[in-house]
Amino acid sequence: MCDPSAVRGYLGDDEKQGGRIVWTERLAREIGALVQAEGTTLERALDQMSRAAALGVPGCSAAIVVLWREVEGADGSVRHVVTEYGASHADLSAAFEHQYTTDQGPTVEAVREMRQVRVSDILRESHRWPRYTSMAVQSGDRSSLTLPSLLPGEGADDDRVVTFGVHSGRADSFDENVVAPLTALLAEHAAAALYSVGRAADSDRRTAHMRRAMSARAVIDQAKGIIMHARGCDADTAFEALREVAQRNRKRVVDVARDLVRENTGPQQGMRRSGRAGR
Numbered sequence: 001m002c003d004p005s006a007v008r009g010y011l012g013d014d015e016k017q018g019g020r021i022v023w024t025e026r027l028a029r030e031i032g033a034l035v036q037a038e039g040t041t042l043e044r045a046l047d048q049m050s051r052a053a054a055l056g057v058p059g060c061s062a063a064i065v066v067l068w069r070e071v072e073g074a075d076g077s078v079r080h081v082v083t084e085y086g087a088s089h090a091d092l093s094a095a096f097e098h099q100y101t102t103d104q105g106p107t108v109e110a111v112r113e114m115r116q117v118r119v120s121d122i123l124r125e126s127h128r129w130p131r132y133t134s135m136a137v138q139s140g141d142r143s144s145l146t147l148p149s150l151l152p153g154e155g156a157d158d159d160r161v162v163t164f165g166v167h168s169g170r171a172d173s174f175d176e177n178v179v180a181p182l183t184a185l186l187a188e189h190a191a192a193a194l195y196s197v198g199r200a201a202d203s204d205r206r207t208a209h210m211r212r213a214m215s216a217r218a219v220i221d222q223a224k225g226i227i228m229h230a231r232g233c234d235a236d237t238a239f240e241a242l243r244e245v246a247q248r249n250r251k252r253v254v255d256v257a258r259d260l261v262r263e264n265t266g267p268q269q270g271m272r273r274s275g276r277a278g279r
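Residue numbering for the sequence shown is 1 to 279, as defined by our numbering.
Because the hints were derived from the structure by calculation, they are not lab data.
Values in this document were obtained by computation on a predicted structure and should not be read as measured data.
Note that CB positions come from ideal geometry on N, CA and C, so glycine has one too.
Please note: incorrect hints may appear among the correct ones.
Here are the in silico distance ranges between beta carbons for each label pair [as the list claims (entries may be wrong)]:
{"no.": "1", "residue 1": "Ser215", "residue 2": "Asp172", "range": "29 to 35 angstroms"}
{"no.": "2", "residue 1": "Arg44", "residue 2": "Val81", "range": "16 to 22 angstroms"}
{"no.": "3", "residue 1": "Arg252", "residue 2": "Pro130", "range": "49 to 55 angstroms"}
{"no.": "4", "residue 1": "Arg115", "residue 2": "Glu240", "range": "56 to 62 angstroms"}
{"no.": "5", "residue 1": "Gln247", "residue 2": "Val137", "range": "55 to 61 angstroms"}
{"no.": "6", "residue 1": "Arg243", "residue 2": "Gly76", "range": "36 to 42 angstroms"}
Could you put the whole structure together from the sequences, leaning on the hints where they help?
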């Protein structure tokens with residue numbers, strides 16, 4: 001983890017000391033701007049959010065933003081699984097992967113209990129997270145503040161949570177009464193931005209799926225026409241013939257249709273037709 005003294009934020013030291021509202025608003029605007037950027041993916045948004053926090057939050061050396069989804073087990077228990085995450089530094093990524101694997105650490109505890117988790121000094125937390133503590137010490141992570149926030153939305157989106165974590169190489173870097181409320185505000189902005197980015201991505205996926213479906217339908221209709229012409233049958237019978245070939249060869253109907261169309265409209269078939277026409 002990089003030395004906090006080496007991190008240059010958006011504001012000068014004086015502004016960071018006396019203008020915490022200013023840096024919060026600036027970071028919030030940057031997070032909001034991610035939604036407006038054309039082609040922004042969830043992965044890119046998460047990476048940019050974590051880097052912005054690492055640069056802009058006073059006392060922060062590194063940051064991580066994680067998107068989670070609730071999953072209900074067969075026994076009715078609920079657990080959170082990671083959808084995607086972005087970290088400003090590689091060693092913080094490794095530390096988070098260790099948390100997720102061992103189910104120990106501030107990030108997994110924050111999302112599991114849906115509450116703020118503040119670590120003033122990781123050296124005093126060995127009894128709490130014995131396996132995570134040694135990993136954090138090795139990476140130079142001494143203190144952290146992690147806040148969960150529900151993603152806005154309805155229905156399927158209600159089970160998604162974002163955790164916003166800021167970390168420091170120094171102990172007691174995050175004042176619970178000052179930095180915590182403002183970082184919580186950033187977490188809410190991050191949740192709103194990720195929701196918007198996710199909605200845009202879902203819309204793009206639906207559009208792409210619709211285009212593929214329309215393309216597949218066109219190919220199947222073309223193949224049905226070839227069969228109808230060759231056999232003198234109706235559309236339903238032609239489709240049933242395609243389906244039987246697909247089942248027999250363990251292929252999708254659209255793939256069988258595509259093969260048939262290719263065989264009947266390829267260059268060689270075109271040459272044969274031209275040859276017959278010229279005789």
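Looking back at the hints listed earlier, which ones does the structure fail to meet?
-> The structure conflicts with hint 1 only, although it agrees with all the remaining ones.
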